[in-house]
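Trainee: Below, each chain spelled out in residue letters.
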Amino acid sequence: MSAQTNGQPHERIGVYVCHCGSNIAGVIDVEEVAQWAADKLGHRGVVIARDYKFMCSSLGQELIERDIVELGLTRVVVAACSPHLHEQTFRTACARAGLNRYLCELVSIREHASWVHTDKRAATEKAKALLAGGVERVAQHAPLEPLRVPIHPATLVVGGGIAGIQAALEIADAGYPVYLVEREPSIGGHMAQFDKTFPTMDCAACILTPRMVSVGTHPNITLLTWSEVTDVKGYVGNFTVTVRRKARYIKTDLCTGCGICQDKCPKKVIDDVFEAGLGYRKAVYTPFPQAVPKYPVIDYDNCIYFQKGTCRACEKLCPTEAIDFEQQDEYLTLDVGNIVLATGFDVMDARRIAQYGYGRLANVFTSLEFERLSNAAGPTNGRIVLRDGVTTPQTVGIIHCVGSRDRNFNNYCSAICCMQSLKFAHLIKERTGATVYNFYIDIRTTAKAYDEFYQHVLEEGTIFVRGRVAEVTDAARLPGEEGKLIIQVEDTLVGRQRRIPVDMVVLSVGLEPRRDSQEVAKLFGISCSANGWIIEKHPKLDPVATMTEGVFVAGCAQGPKDIPSTVAQGAAAAARVLAHIQQKEIALEPIRASVDETKCSGCRICNNLCPFNAITFHEDRMVTEINPALCQGCGTCVAACPAGAISGTVFSNDQVLAQLEGLLLRTVKGMQLEEGVPA
Amino acid sequence: MTGSFEPVIIGFTCNWCSYRAADLAGTAREKYPPNIRLIRLMCSGRLDPSFVLKALASGADGVLITGCHPGECHYLEQNYKALRRFLLLRRTLTQLGIEPGRVKLVWASAAEGHRLAQEITTMVEEVRALGPLNWAQAANGFGPEPVSAPAAAEGGAA
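As given, the protein sequences belong to chains A and B, one line each in that order.
Last residue of the first sequence? That's 679 in the numbering used here, and every number before it is there in order.
Last residue of the second sequence? That's 158 in the numbering used here, and every number before it is there in order.
Be aware that a few hints might be false.
Said to hold, decoys possible - Not the full set, but computed from the structure, chain A residues with beta-carbon under 10 Å of chain B: (1) V116; (2) H117; (3) D119; (4) A122; (5) I591; (6) V595; (7) N607; (8) P611; (9) C641; (10) N653; (11) R666.
Since the hints were made in silico from the structure, they are not lab data.
Quantities reported herein were computed from a predicted structural model and do not represent experimental measurements.
Just so you know, even glycine gets a beta-carbon here, dropped at the ideal spot from N, CA and C.
Chain B with its partners taken away, still in its complex shape (with noise of 0.2 Å):
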């Protein structure tokens, strides 16, 4: 471990804009922090807020949603619903004493894999000088140290 905090974050993608924005990315070669992990959804309507709090409680340090442009949805108006949910979602956040940077809500096309992997390196830092949520240990007691991923897994590779 080298002391220094690397952030984890779990981002949702929607299986016709992001995760081809992030398959894009891959085949321009763009580059992004590797501190993000992402989850295929068919559409970020199909995004549980729960599994925003499930990802905060299991670990992750940020929640990168993401989702086609208002307008430009696989399933015509489905991430409308996904941005009522967000909004919902970050209120109640907030309430949990959550900061708001820590669970975004982006859009990317398909074609927009540049942008994307620009998003994602804004938000590692953000995310990283907001530090560690630690909800994990908080609530569960889990964990034998703060959890920094790529450090927990060279642990667990040991």
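The following block holds chain A by itself, in its conformation from the complex (with noise of 0.2 Å):
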């Protein structure tokens, strides 16, 4: 595995180091490490070694294709930034000079070195460490072609919010077909319980509802609700997804969504999802009126047929005879090219602050329930009343960061309770004429037309109060409060304790990761972050791509959004599903394993370990072969095989082992090993 034969390199490489402004140079003496590649390394091959401020900049790939053309380099090593942020960059500079993309390394002395140590001597001397390493590994590198496979035109979104909606119709107006998966019998997610959106106060249903329409009446769309996604298989272009469709009971085909079975239902249950547990629903029910499908589901925990055997009362009132108890869950099999997750997020459960009261005193509200109190078309008919159904409070107090910024719950920033909290503050002076007071930590009030919003309530008379609240209780010690709630607060801009006495609270809870998030994230192969929120590929370059191929993200489940980010994303998610469509095939990265026939000696240890079923044992010859359309390249085999007739591309043994040389600095001049040594 010797770079050279007679003293002589084979490769003339090219070395580049990068400044990065002061990231690296900073920390590591850029100019020492290039003028080291080329004083100690030039017998491995080093011709030309250079350092510059922002490698790159346009000017700093012209640099490296220069030296391609005018020095006939044959490799090329990057010393800057993590590959995963600009392997691509330079491996295109490579080839525009007419270099084989795959002859280029990329070493990492940034998040690798100078942004880790502080030690710069040790720093500079792991950063030699490391560019060694690269040197010896690139000129073991072959030219490669990346792969290409075709795309298959279908797309499934996962998730039919506002964000999944935006997305499932962008790529189905564009010609493609979609299948939009949601969990509950409706679209619309947690937009649908909205009844004003902040910060022009348009009517949530007003602009989701004709979007759920379109969705349910597109020609492309083909729309599995009640239904969720239980297995992934495959890769970018090529997914097979299967998808469980509950079972509804009811005949869509001869359904007409008369609503005869939900008035006739009998059985009437808490709706604690739509009505957040402030309303009922029947056991068949859909869960608003303009839910889409139209169709209704039925509860099979609480009919009471399916729970105790007679009633059927829907079945025989239903003018279509649509009800069919008989019906069992569906498995359906998708063909899929990409995958957009629009999962969503689950509010914060206000139990787990028992200080704040939630649970306990009856008028404590979460800002979920708060929506559904002030919605036209909800439990109260946008009544704003304690929870006793009549009473008008006289005064509230809105809280905002209920464990947000709060290292004992979560320490992000949900991002939409500042304004959430001032829409009901200005929703509750508009229709009460109440006081109302807001808790906050700060106001952040940061997209388009929003301080203006806030100027607004401040106008109307809103009380904002600068303090985390302490305590609600109803414990009262002063005249006053007797009857009331008390909100305990340190007014941090008097500097004081106050006790305010209201008669609703309302609690502006964070938003969180589904429950589920882990799992979702392991059905697709994707990874959360400490938090549970889905990782963007790159949280400022590509933050609608995942690490994953073909998988990508919109909406609240990569992170706290406000509605009109969450639309951008889907569309933004949308058009990369419909760049890669549009190009019938995707490239790929060349990593593969392959098998040396003559080598294999069919012992066949390595049949067994590939999940992607991509090795085959052929009996007739007693060999193996790997096929390399099913191969993902993690390299398993390559590590198992004992007669080494297993190679694997761009990380092969030659390459692994002539970076941990490099790396171990045994072939720097006057430190390399003496010829036949057994290493």
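Could you use the hints to bring the two separately framed chains together as a complex?
Mentor: Laid out in structure tokens, this is it:
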């Protein structure tokens, strides 16, 4: 595996050390590293070593391209940032100069050295070792071509909230088929529960329901509600997805959505999903009147017939005989080329913050409850009243940052609660004339027209108290506190403790990842952050892709965000999917394993290591073969082959071992091993 | 040379989790000692146990193997194969007289930059306490004196 014969290196290697402004150069002496490479690695093929302020700039890239042409470089090593950031940049630069793109190696001396080390001397020496590893490795690279795989034109969108709706409509409008899978009986998501949307105060239903109808009637969208994805196989371009269609007990081809079954069903159930526990639904129900699709579902756990064996009132009264108690779950297999995950969020369970009294003090509400309370189509027809259903509050306290920006619960900002709280303050003022207090840490109103809304709410006379609320209690201590909820807070602007009696408390609860976000991530082969939000490919430059090719993310599944950002991300994910579809095929990294049949002894050790069934054994010839179309390039079989008959491109034994030699500085001038010494 | 022993540790990382955890440690400006040098593999399942032996034989004082948490493998289940190999390798190394602390397996997801930095810091201290391995010299008679990597590099640069 030596890169040289008779003392003469085969390759002509160019080394480029990036300053990254002061990101690298502030810690690592980049000039010294470049000079060291020129002095000490010349016998390994380094013919030029340069340092430059920003290698990724067009001037930096041109520097490499010019050297490739003028110096006849056959390999390039760039010591800069992580390959996950700029590997493609420098590969493309090489390709422009006529060098095969895989003959370039990126060495991370920023993320893995200058940013994590404080000792400048030691970081510089480490950078040299990393660079030596890169030089040795690149000498073992082979010219490769990207793999091209066809893209199935259909797309799976998971989640029918506004993010999924937007993504599905964009793709369908472009003329491609979409499967939209939603767990609940109707699409609409959280937005369908809201009354008004900030800062314009348009009615959520007025802007959302037309979109829902478009989804329901779009010829390119197959809507699968009351359904869940149970299995995902394959890879970008060719996913095979299994969807469980839960039994609806309704024949959707016969149902007209007339609603008689819902009227006549004798079983009332507290609706803790759509009505946030404030209202009732029946055992056969659509979550709300504008539901899409219009067909109801029968709730197996609450249906009297399913639980007790008699009733069937809905069946007797259905004018189109659409009720079918014999229906079973169905499993559909879908072929899709791309997947958009728009699985949304859950709100934080306010019971976890015992001192705020939710669940114990009747007139403490969560923000989601308040949305239903203020919704004209909600359980009180939009009347803002206390839990007794009749009394209008005279004073209301709205508490911001409940469970957010709090190291005891979630350390992140939930992004929407400030504006949501301001919206509530405005609605309460407008509808009840009550005195409204907002208890806040900071007011964060950064998006378009948000701060203007805040100013408007200030002018309306809402009282703002800066301080994190310590407690909500009904234990009256002072005159005027009897029968009230008392908010105990340190007003940090005046520097004293205050007790503010109110009739109603609204907790602006934070957003949290879906309870099952980890399982969903596992199902789709992607990762969640420590908080549970789906990790995007790059937080700034690639916020809709995930680390798995062909799987995109939109909306709050990726992190808390408001409706405009959610819609924008849904559209962005659709644009990325459409770019894939329109290319008809996509280039993948040519990282694959293959078997040298002349070396294969037929031992079959590798045969049951592949979870993708890419390995087949030919009994007749007693050799193993790897199907490159199924191989995903993990390299587990490469590592297992006792005969060394399996090799893996991009991460071959030669490449890894050469890098190891370099990292341990065994190839540096004056330190190299004698020929033939066993290592 | 200061005379204090600075171990050299080779870290094998998975492209999908621990390498990205190392990237995250960087972007979050977590700090850990510079004694570790990382090699990126596509998966911990790619780790041929002979890479570990080669690293130790070539001058490393310790090897840190990292991969996705069980159940979170990008390739479904290959980290379990890495675990199997690691357990066998550790037994072999013990029989060869290598202290168990020199070769460690750590799971680190792409979100666990902080955790990875902590694990690296701990391991550097543990290997420092164990002292140099000196396998390279013992096996090959290689090297003018006990290798402390930064010092060796400086020697090369001088």
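Trainee: Each hint needs a verdict: does it hold in this structure or not?
Mentor: So, going through the hints one by one against the coordinates:
At its closest, the beta carbon of V116(A) sits 5 Å from a beta carbon of chain B; the interface hint therefore holds under the 10 Å criterion. At about 4 Å, the closest approach between the beta carbon of H117(A) and any beta carbon in chain B falls short of 10 Å, and the interface hint on this residue holds. Given the 10 Å rule on beta carbons, the hint for D119(A) holds: about 6 Å separates it from the nearest Cβ of chain B. Satisfaction of the interface hint for A122(A) is found here, the shortest Cβ-Cβ separation to chain B being roughly 4 Å, below the 10 Å cut-off.
Look at I591(A): its Cβ gets to within about 6 Å of chain B, closer than 10 Å, so that hint holds up. Hint on V595(A) is violated. Least Cβ distance to chain B is approximately 16 Å, over the 10 Å limit. Nearest Cβ of chain B to the Cβ of N607(A): about 13 Å, over the 10 Å cut. The hint is violated. Proximity of P611(A) to chain B holds as hinted, the smallest CB-CB distance being about 4 Å (cut-off 10 Å).
A least Cβ separation of about 9 Å between C641(A) and chain B falls short of the 10 Å threshold, and the interface hint therefore holds. The interface hint given for N653(A) holds, since its Cβ lies 7 Å from the closest Cβ of chain B, which is under the 10 Å cut-off. Below 10 Å, beta-carbon pairs count as interface contacts, and R666(A) has one with chain B at about 6 Å; its hint therefore holds.
Hints 6 and 7 from the earlier list are contradicted by this structure; the remaining hints agree with it.
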